[in-house]
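Undergrad: Now for the letters of each chain:
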Amino acid sequence: MSKGAKFLIKYRLIANGIALGIGVGIYLLLTLLFNIGDLANVWPAILSGSIGVATVVGLVMLFVLPRRSFNLAVQFGIDRNTLWWTDILTPVCWSLLITILGLLFQQFATNNLGHNQGSFWIGMAIILSLFFTTQVLADIVALVHGFWKVVVIVGLPSLLMSILIWILTCIAQWMSKTNWTLSQHQINQIEHLLTSPGIWTVVLIVCIAIMILLTWVFTKMIRLQRD
Amino acid sequence: MTTMHINSLSKRFGRTTILKDINLKFDSNGIYGLFGRNGVGKSTLLNMIVDGIRPTDGTIEVDGQNVKDNGQALTKLWLMNASMPFGKWTSVTTIMKWVDAVYGDFDFANAKRMLQEFGVKENAHVGRLSTGQQTSLKLVLALNVNATIIMLDEPVLGLDANHRELFYSELLRTYSEKPRIFIVATHLIDEIAHLVNHVIIIDQQHVVIDDATDTVLQQAYQLSGPQEQVTAFGRHFKVINHSARMGKLGQVIIYDQLPTDLKVPADLTLNHLDLQSLFIAMTSPDMGQIASAQSTKEAHHHE
Amino acid sequence: MFHFDDSGPIYTQLADQLEELIFTGVFQAGDQVPSTTQVSRELHVNPATVLKGMNRLVDDGLLEKRRGRGMFVTKDARQQIMSKRKQHFYDDYIQSVVTEAQKLGLTEEHLIELIKRGYQDDNNAH
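Chains as they are written, first to last, in my numbering: chain A, 1 to 227; chain B, 1 to 303; chain C, 1 to 126.
Chain A on its own, in the form it takes in the complex:
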C-alpha cells in the first residue's frame, strides 16, 4: 500500500469517527423520543426514520469531509482508484466493528439483563453502515461537480434502501395483525426471524454489497460523463 493510501486511511478513520459520533447521537436521541414501552416493537419505525436521518446527515457531510479528502488526495498525489478503495475500506471497517460490538452487546444484554436488546443494536449497526456507505458514495460523488448528481447518486440508493426496509417491516406488521393466509405458527416464525440478529446481519451484508455495486455503477457512469 502506498504511503499516500496509508495516510488517507488514517485521516478517513478519524473523520469517520467524528461522523460516527454524530450518527450515534442522533440515533440515541430518536430512540429516547420513541421509547414507548418495549423497544422490540417500536424498532421498525425507529429504523426507517433513522435511515432517513442518516441519509440527510450523510448529504450534509458530503460537502465537508469528502470534498476535503478529494482535494487532499489530489494535493498528495493519491490516485482516484486508491481513494475509492480507501473510502470503501474505512467505512466498511467501522460498520463491521459496530456490528460485532452490537452482536456482542446483544448477547450480553440477553444473558445478563434479560432484555432482547438485539433489535436496538442491529438497528444501530444497519443505520450506521448505511450512513457510512452513504459517505462512500458522497466521496465518489465529490469527484463530480453538480448538486443534482449528488442528489441522484447519494439520495437515490439510500432512499431505495429505506423504502425497501420500510416495506418489509410494514408487511411483517400487517401480516402479524391480519393472519393473512398464514397460520399463527408461521407468523410467529416470521416475527422471530425478523427479530433475530442472524437475519439482519445478512441484510446488513447484502445492503453493503448493493451499495458498493451501485457506487461502482454510478462512478463508471459519472466518470464517462464528466471526464
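These are calculated hints, taken from the structure and not from any lab test.
In silico BS3-like pairs for lysine-lysine, Cα to Cα no more than 30 Å straight-line:
| id | chain 1 | residue 1 | chain 2 | residue 2 |
| --- | --- | --- | --- | --- |
| 1 | B | Lys88 | B | Lys121 |
| 2 | A | Lys3 | B | Lys25 |
| 3 | B | Lys178 | C | Lys65 |
| 4 | B | Lys88 | B | Lys112 |
| 5 | C | Lys84 | C | Lys103 |
| 6 | B | Lys112 | A | Lys6 |
| 7 | A | Lys3 | B | Lys88 |
| 8 | B | Lys88 | A | Lys6 |
| 9 | B | Lys97 | A | Lys6 |
| 10 | B | Lys97 | B | Lys112 |
| 11 | B | Lys238 | C | Lys52 |
| 12 | A | Lys3 | B | Lys121 |
| 13 | A | Lys10 | B | Lys112 |
| 14 | C | Lys65 | C | Lys84 |
| 15 | B | Lys112 | A | Lys3 |
| 16 | B | Lys68 | B | Lys178 |
| 17 | C | Lys52 | B | Lys263 |
| 18 | B | Lys88 | A | Lys10 |
| 19 | B | Lys178 | B | Lys25 |
| 20 | B | Lys68 | A | Lys10 |
| 21 | B | Lys263 | C | Lys103 |
| 22 | B | Lys248 | C | Lys103 |
| 23 | C | Lys52 | B | Lys25 |
This one's a predicted model, so the numbers in the text were calculated from it and none came from an experiment.
Here the structure of chain A is known, so what remains is to put chains B and C in place on it, guided by the hints.
TA: Using the frame of chain A, we list chains B and C on its own:
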C-alpha cells in the same frame, strides 16, 4: 532526473474547447515560465497534470508512465494553486508532517527558516492565517517537498512586494541546491523574466511559444519610426502586432530571426523587446486594426 | 550594482558588467568573484544564465575555476581587457563620435580641438 511529456492534450468543457492539441516536453531541469491570458487554461492544464481533472484527449506522461490513476507517477509531482485543501483547524506543523508522511524527506529545517522569514507561526492553524500567510505557507510546502516536478500556479497572488522578492530568492536558492523542474504560471511576467530559462506561452487554445528564454528574447524586436517606412521595412519579417502611435509615427512588433548584419534605415529604430511586452503583443488582437478602426470612426464623427 | 535591460541576452550583460568591475579594479587579480548561487539569488536571475555569463569570462581567460573553491580573477585579466578594449576603441567610440560630429557639421579640426580640450579638462580635474 524526472521527465514529463504532454502529448496532444485537449480539454473541452461542455461545448467550449479551451485547450487543443497541446504538446510540451519537459526533458531537463529548469525553471519554466507558463504564460497566458486569464481563462486561457493554464490552471486547467496544471490540474490535468496532477490528474485532478481528466483531459478530453491526449496523455500526460511522467518518466514514460501515464499519470492517470497512477499513484507512483503522481507522487513525483506537486501542485500549488489557489485551493487550500487543509482544514481550518489544521496547524502548520501538522501539515508539514503530513507532507513528510506522504512524500518523505521533507526539508523541515529549511521550511522552518522560510516560515520565519515569511512571518508564519508554526503552531498557527490555517483558519488564523491571512490570505497572504496562507499563500506563504503553500510556497514553503512547495519549495521543500520531496517532489521532482513542482508546479506553482500564481504563486505570488496576494503577497506584498517584499515577500515576492523573498519568494524569488528562495526559489532560486532551492533550485541552485537541488535542481529540478519548476513550472511557474504567473501574470507578473516582468518580475520573473530573468528567473525562467524556458518560456511557454499559451494563447487561444494553442501553444504559441515553447523555447529557451534567450532564444525567445533574441527574436523579439520593436521597429518604430515614420508609419510608411515602418510598414515597408517591416514587411520583410514576421510582424506579430502593430500600432499607430502618434500622428505619422508607427510601430511594429517583430518576432523573427533577423540577420546579424542587418542594415536598418536611418529614420527607423530597432530595439529589443522585454518578455512582458512581447507577451502582450503576441496575445493581443492586432492593435493596428483597432487603431485604424478608431481613426475611421473619428473621421466619420468629424464629418 | 548590476542593471539589466532589453539591450541583449542577460548572460552577455552580466559578463560585460563583471568585466567592467574587473577593469575598474573592484575585483583585483586573485580575488574571488561571488558564486553563481549568490549572484542568482541576489539578482533574481536563473542560475543557468549566470553560469553562462561566468563561463564566457572563463573562456575569455578573465576568470578561472578553482575546484571546490569558486571562481577567481586571473592574473592578467585586467591587461587582457585593456588590450581588447584598445582594439575595439575605434569601433566602439571613434566611429560614433565622427558620425555625430558630421551630423552637426563640425569639421575635423574642430573635433581635434574638442579632444584636446577634453584631455586638458581631465588633467585639471586630477
